[in-house]
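K.L.:
Those protein sequences? They're chains S and P, same order as listed. The opening residue of the first sequence carries number 1 in the numbering used here; numbering runs sequentially from there. The opening residue of the second sequence carries number 1001 in the numbering used here; numbering runs sequentially from there.
No wet-lab data here; the hints were simulated from the structure. A couple of the hints might just be wrong.
[Claimed, not checked] Computed beta-carbon distance windows for the label pairs: (1) E1075/P x V30/S: 30 to 36 Å; (2) K1046/P x D128/S: 34 to 40 Å; (3) P1108/P x L123/S: 16 to 22 Å; (4) D187/S x D1159/P: 47 to 53 Å.
[Unchecked claim] Subject to a maximum C-alpha distance of 20 Å in a straight line, what follows is the list of computed SDA-like cross-link-like pairs (lysine to any residue): (5) K46/S x E1100/P; (6) K138/S x N1112/P; (7) K1152/P x D43/S; (8) K1152/P x D60/S; (9) K1078/P x V1002/P; (10) K1138/P x N112/S.
[Stated by the list, open to error] What the simulated footprint calls covered on chain S by chain P, stretch by stretch (three residues with Cβ under 8 Å from a Cβ of chain P suffice, anywhere in the stretch; the number is not a length): (11) 47–61; (12) 67–74; (13) 88–95; (14) 99–106.
We put the CB at the ideal spot given by N, CA and C, even for glycine.
Number of protein chains: 2
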Amino acid sequence: MVVKVYGPLYASPKRVLVCLVEKEVDFETVPIDLLKGEHKHPDFLKLQPFGSVPLIQDGDYTLYESRAIIRYCAEKYKSQGTNLLGNTIEERGLVEQWLEVEAQNFHPPINNLVLHILFASVLGFPSDPMIIQESQEKLGKVLDIYEERLSKSKYLAGDFFSLADLSHLPFTHYLVANMGKEYMIRDRKHVSAWWDDISNRPSWKRVLQFGAPF
Amino acid sequence: MVVKVYGPLYASPKRVLVCLVEKEVDFETVPIDLLKGEHKHPDFLKLQPFGSVPLIQDGDYTLYESRAIIRYCAEKYKSQGTNLLGNTIEERGLVEQWLEVEAQNFHPPINNLVLHILFASVLGFPSDPMIIQESQEKLGKVLDIYEERLSKSKYLAGDFFSLADLSHLPFTHYLVANMGKEYMIRDRKHVSAWWDDISNRPSWKRVLQFGAPF
Chain S
1 MVVKVYGPLY
11 ASPKRVLVCL
21 VEKEVDFETV
31 PIDLLKGEHK
41 HPDFLKLQPF
51 GSVPLIQDGD
61 YTLYESRAII
71 RYCAEKYKSQ
81 GTNLLGNTIE
91 ERGLVEQWLE
101 VEAQNFHPPI
111 NNLVLHILFA
121 SVLGFPSDPM
131 IIQESQEKLG
141 KVLDIYEERL
151 SKSKYLAGDF
161 FSLADLSHLP
171 FTHYLVANMG
181 KEYMIRDRKH
191 VSAWWDDISN
201 RPSWKRVLQF
211 GAPF
Chain P
1001 MVVKVYGPLY
1011 ASPKRVLVCL
1021 VEKEVDFETV
1031 PIDLLKGEHK
1041 HPDFLKLQPF
1051 GSVPLIQDGD
1061 YTLYESRAII
1071 RYCAEKYKSQ
1081 GTNLLGNTIE
1091 ERGLVEQWLE
1101 VEAQNFHPPI
1111 NNLVLHILFA
1121 SVLGFPSDPM
1131 IIQESQEKLG
1141 KVLDIYEERL
1151 SKSKYLAGDF
1161 FSLADLSHLP
1171 FTHYLVANMG
1181 KEYMIRDRKH
1191 VSAWWDDISN
1201 RPSWKRVLQF
1211 GAPF
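Model the full assembly from the supplied sequences, consistent with the hints where possible.
P.N.:
Spelled out as structure tokens, the structure:
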């Protein structure tokens, strides 16, 4: 079965793509142009009522929300590719903890930076310097906690690469490659080593070849 | 083994408490007074570097982030109490999808309403009418999508109660019981029936007995 992934150009769908590559699952991509509003088209809203990407179709099964999809893929294809969930219930618990930290603590400020630095002019709203400053301060504090954590274990959930690390790839890539803020990673020794490790995985290099919206 | 749950008065820890009751797991609670800043005390920050509740200790094992903890408990105590994860990988996928919808779409606006309507004066910041209005509009749109979903299945992930429903209990309780906004639930027939169903579970009634911070 080939998994269909909608919206491959964008950051959240790339969480799904890199997970599928790690799990050695065949997939095809379905372009969705957010700048043309294709995610608000009635046919798409029937599949994803909130009008956002990614969305996958795995045969008759439809699923949305990137972090739900990567959990599903890691579980369904448990016996192949990289184990992304840890080996025990306790390790899985820590994977879940750091996935939640990514979603609740890391993502909101980095998403604000991406929106206000990279997308404001394309999407036609004014970039807000106050939001940029506050978000950068918040993200810095989160990265300080990551630095402490990564001084004790190679990856976030322990000494194994997992969904928790993988989930950071797309937005951190924007920070490093497109936003002139690589120093936020490089100023923190253990975060920097972690980033080199995870961003040099062949899976991520393959996903970058799918391109970006700008 | 008795699980220790830190911060039982507050909404996010109540996700954990109701999960433990559903799973028939013995627990004890450890009070943390956020209004006195106990979550920023160095001893607490050693356990939870972001300074938030809940946190659990299950023997030597420490875990934080409420939605990570409920996944861990539902998995570890799979063979007892209510099954909260569905019966198949596909059902679990939908549980994850709606847990993510709760975290990403439902929680941000309802959390803003709780902060600006219930906690602003206690926490000493000005309540912002614009944030209240925008958040209420956003929450209304999310609840419209829930209404459509719940017209087709009894619970969010399907015809079975799961972590996805459970995760909505604490903040929706604030909306209905403390904020004078019960009409947002009652104006939507299927959401209203769903709320009656989940909020009348004996587990939730027991958790309400732990009290609230005001």
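K.L.:
Next, verify each hint and record whether it holds.
P.N.:
Each hint, compared with the structure:
1. E1075/P x V30/S: 30 to 36 Å: Once the Cβ atoms are compared, 32 Å apart, the range 30 to 36 Å for V30/S and E1075/P holds.
2. K1046/P x D128/S: 34 to 40 Å: holds (36 Å)
3. P1108/P x L123/S: 16 to 22 Å: Given about 19 Å between the Cβ atoms, the range holds.
4. D187/S x D1159/P: 47 to 53 Å: holds (51 Å)
5. K46/S x E1100/P: holds (19 Å)
6. K138/S x N1112/P: Holds: K138/S and N1112/P sit about 18 Å apart, inside 20 Å.
7. K1152/P x D43/S: OK: K1152/P and D43/S at ~18 Å, within 20 Å.
8. K1152/P x D60/S: This hinted pair holds, its Cα atoms lying about 17 Å apart.
9. K1078/P x V1002/P: At roughly 16 Å apart (the allowed maximum being 20 Å), V1002/P and K1078/P satisfy the hint.
10. K1138/P x N112/S: OK: K1138/P and N112/S at ~18 Å, within 20 Å.
11. 47–61: holds (count 3)
12. 67–74: Coverage by chain P holds here, the residue count being 5 at a Cβ distance below 8 Å.
13. 88–95: holds (count 5)
14. 99–106: It holds, with 6 qualifying residues against the three required.
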